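S.K.: Here is what each chain is made of, one letter per residue.
Protein chains: 2
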Amino acid sequence: MHIDAPRLLRRLDDLAAIGALPEGGVQRLAFSDEDLAGRNWVQYHLEALGLQVRIDEVGNLFGVLYPEGGPIDAGAIMFGSHTDTVGRAGRLDGSLGVVAALEALEVIVTSGWRPARPLVLASFVNEEGVRYMPDMMGSLFHAGDLSLEAVREARDRNGVSVGEEMDRLDYAGKDELTDLGIDTFLELHIEQGPVLETLNRHVGIVTGVQGLSWFEVTVEGASNHAGTTPMDLRRDAGKHAADLAARLRILTDEIEGLRLTIGSMTWYPNLINVIPDRVVFTVDARHPDPATLEDAENRIRSLCTAAHRPEKGLTVAWKPLARVAPCSFASGVVEAVADAIDREGLTGHRMISGAGHDAHILSRCYRAGMIFIPSRGGVSHHPDEYSTDEQIIHGAQVLLRSILSLADYPTSAS
Amino acid sequence: MHIDAPRLLRRLDDLAAIGALPEGGVQRLAFSDEDLAGRNWVQYHLEALGLQVRIDEVGNLFGVLYPEGGPIDAGAIMFGSHTDTVGRAGRLDGSLGVVAALEALEVIVTSGWRPARPLVLASFVNEEGVRYMPDMMGSLFHAGDLSLEAVREARDRNGVSVGEEMDRLDYAGKDELTDLGIDTFLELHIEQGPVLETLNRHVGIVTGVQGLSWFEVTVEGASNHAGTTPMDLRRDAGKHAADLAARLRILTDEIEGLRLTIGSMTWYPNLINVIPDRVVFTVDARHPDPATLEDAENRIRSLCTAAHRPEKGLTVAWKPLARVAPCSFASGVVEAVADAIDREGLTGHRMISGAGHDAHILSRCYRAGMIFIPSRGGVSHHPDEYSTDEQIIHGAQVLLRSILSLADYPTSAS
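In order, the protein sequence lines correspond to chains A and B. Counting from 18, one number per residue, gives the positions in the first sequence under my numbering. Counting from 18, one number per residue, gives the positions in the second sequence under my numbering.
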């Protein structure tokens with residue numbers, strides 16, 4: 018079976034027209050009018066295919082293709098992504114995974130072949146977490162890690178709750194999925210990083226998602242006059258923070274595969290002629306191996322402790338902000354993707370995902386996996402986000418073939 | 018002759034009550050109601066002493082004690098400071114110099130002795146430059162380095178001009194001082210640094226003011242996802258800026274006496290999980306020797322040039338923000354101060370001023386000098402600014418004795 022490339026590309030453009038910004042880019046913030054319009058667009062196409070549409074209590078959308086003979090409780094294969102976006106997004110992040118899932122279902126439905134298991138397209142709400150925290154809200158609810166109450170009570174910066182928006186938009190449903198016996202989730206996504214482009218590979222076989230640990234570090238010294246304070250009498254929080262940050266960055270040389278980012282640093286009072294008395298910075302540490310991530314966290318804490326020098330008038334305090342454990346994807350799903358790439362005659366690359374995704378959350382309850390396509394320059398969350406038509410088509414074709422394989426489509430025929 | 022210590026201390030408190038903030042500290046921002054009230058307080062005391070008061074076109078206040086026999090054009094000795102303050106000041110910065118000058122004049126007037134030269138108390142407007150730029154506005158006007166028009170057209174952040182405030186408050190006068198033949202300016206001030214306290218000396222003999230050169234440095238890289246971007250593919254503006262800042266700080270080891278401060282650093286987009294694409298920081302470099310300051314400036318530019326690596330996707334741009342040449346005070350004034358300290362049986366310390374002062378500006382047209390007293394912890398521009406009563410009294414007594422010496426008071430009698 019083969020995807021219909023022109024239809025796939027046209028639909029990506031159609032979906033990107035919903036919430037298109039006059040200055041370029043797309044905005045479909047979770048639980049907004051545009052977000053609902055995007056979901057309705059998906060629902061329309063699912064219904065046009067004759068699929069059953071279900072909407073759960075937080076607004077996650079599912080389209081179900083039943084096996085020949087109707088519903089059975091037998092290991093449904095679920096696949097999809099999300100259609101909400103950041104404030105000024107490109108057209109691919111999330112949307113690609115949903116539109117390609119729709120394309121795969123359409124190809125299968127029109128082929129006349131029916132698998133022995135249900136196939137389920139899933140589009141999860143609020144993956145981005147821009148308007149409402151936490152991100153991956155819809156998949157967290159689906160996995161049982163977030164209550165309906167917690168979802169409804171989340172508030173945006175204007176104080177508007179998800180519950181109020183869901184009621185206003187008639188956004189939520191009451192459908193459940195327990196009867197489907199879902200056992201697999203597969204997500205196609207853009208890489209949002211430069212690895213595939215740099216290595217010149219067609220498709221990424223995602224073997225897991227790295228774990229993440231966030232810290233906030235506060236360095237305090239003493240604020241004094243830049244002109245009148247001799248160098249040896251200073252307690253310069255800016256210099257001390259920079260020294261500590263430099264030492265922390267060296268951890269990436271010491272721990273194989275560690276990604277450590279100091280993305281935010283704020284100085285106080287931040288005046289040209291005043292020695293800073295306080296600097297607050299963040300540390301974002303990521304690693305795919307649980308034990309190694311823990312080792313990195315311990316070393317971060319140790320380095321902060323070593324830099325805490327109250328006897329010199331320089332103190333360092335830190336606190337954890339967030340932590341997500343790494344996950345490894347199910348070997349059966351990973352190998353299905355690898356095999357699909359081979360059969361398509363494409364070059365694959367086994368890699369971990371640097372970013373969190375719905376598939377990461379769903380790996381807690383299902384066999385999960387992901388497929389990546391290259392992102393030009395690694396750019397995402399920006400209108401410059403770009404993958405070539407060919408890369409998009411490759412990704413969708415690999416998704417289709419992986420679904421077929423997971424759904425036991427006769428190999429000789431695929 | 019000796020100052021009246023209780024009167025001096027009482028008057029410092031009286032002046033500090035004008036513009037006192039409920040939460041502690043004093044606010045008499047230039048060209049505000051409180052600023053005018055402070056100036057009126059000084060004027061009241063000058064007139065009570067029977068002195069002639071003059072107010073120039075920008076509101077600088079002068080109190081003139083004529084020689085026996087009335088006005089003569091013969092090398093007036095001027096002394097004073099300023100009574101405007103920063104937003105939340107202590108009671109000494111500026112005010113000490115004016116109140117001690119008033120005290121010195123009162124002691125001389127009541128002694129009955131008359132010098133052969135005019136003695137002039139000066140209180141310059143807007144030394145602090147907090148509400149209206151530039152700082153040292155009044156002395157710059159007096160020195161002929163700033164026009165009346167430029168003063169009147171300066172605007173605060175609400176768009177209100179100095180001219181509008183001067184008209185509203187009837188702040189300005191029309192008096193000139195050309196008839197006085199001023200040739201000397203002496204200013205008593207708190208050190209605003211920790212040197213005298215650290216060395217445990219009574220009084221600072223200020224031999225000059227260090228020059229200052231300010232730069233703004235902009236480092237640009239590329240903003241990418243902290244999770245998905247491998248370490249070796251990053252163009253981290255935060256790391257690059259930190260490396261450059263660390264290298265710049267080493268200049269203080271390489272150039273004897275250089276004070277270099279990175280006081281302000283701002284990251285963009287400053288998000289925990291995004292590699293920063295832009296960092297803007299400032300460099301404040303100070304040295305008392307003109308050639309050495311120039312050498313430091315050249316090395317700062319060279320280090321920025323060396324860090325400009327467009328081939329690596331990391332660029333560095335810089336621009337000068339401000340420059341003030343160093344000044345050396347007149348030896349005659351410096352030695353008069355040193356001699357006065359000796360005669361008072363106090364310990365002096367020859368030092369440069371780290372901060373700018375009206376005396377720095379006036380050194381362009383007069384023989385100038387300064388006297389420092391210790392600042393506890395080097396703190397100023399803050400309600401915690403503090404010098405002991407004894408230190409204040411020492412400073413005022415040294416000012417009085419220096420004025421007498423410069424005004425040719427018979428040495429044997431002093």
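It is worth saying that the hints were derived from the structure and are not from the lab. If you're wondering where the values come from, they're calculated on a predicted model, not measured in any experiment. Ideal Cβ placement from N, Cα and C applies to all residues, glycine included. Just so you know, not all the hints are guaranteed correct.
[Said to hold, decoys possible] Quick look at which bits of chain B chain A covers, simulated, 3 or more residues with Cβ under 8 Å: (1) 253-261; (2) 293-305.
[Unchecked claim] Here are the simulated distance ranges between beta carbons: (3) A:ARG105 with B:GLY161: 52 to 58 Å; (4) A:LEU165 with B:LYS329: 45 to 51 Å; (5) B:SER345 with A:ARG264: 40 to 46 Å; (6) B:THR322 with A:GLU407: 39 to 45 Å; (7) A:LYS191 with B:ASN175: 55 to 61 Å; (8) B:THR322 with A:GLY176: 49 to 55 Å; (9) B:THR322 with A:PRO247: 25 to 31 Å; (10) B:ALA37 with A:GLY176: 36 to 42 Å; (11) B:LEU363 with A:PRO247: 21 to 27 Å.
S.K.: Of the numbered hints stated previously, which ones are contradicted by the structure, given in increasing order?
M.R.: none
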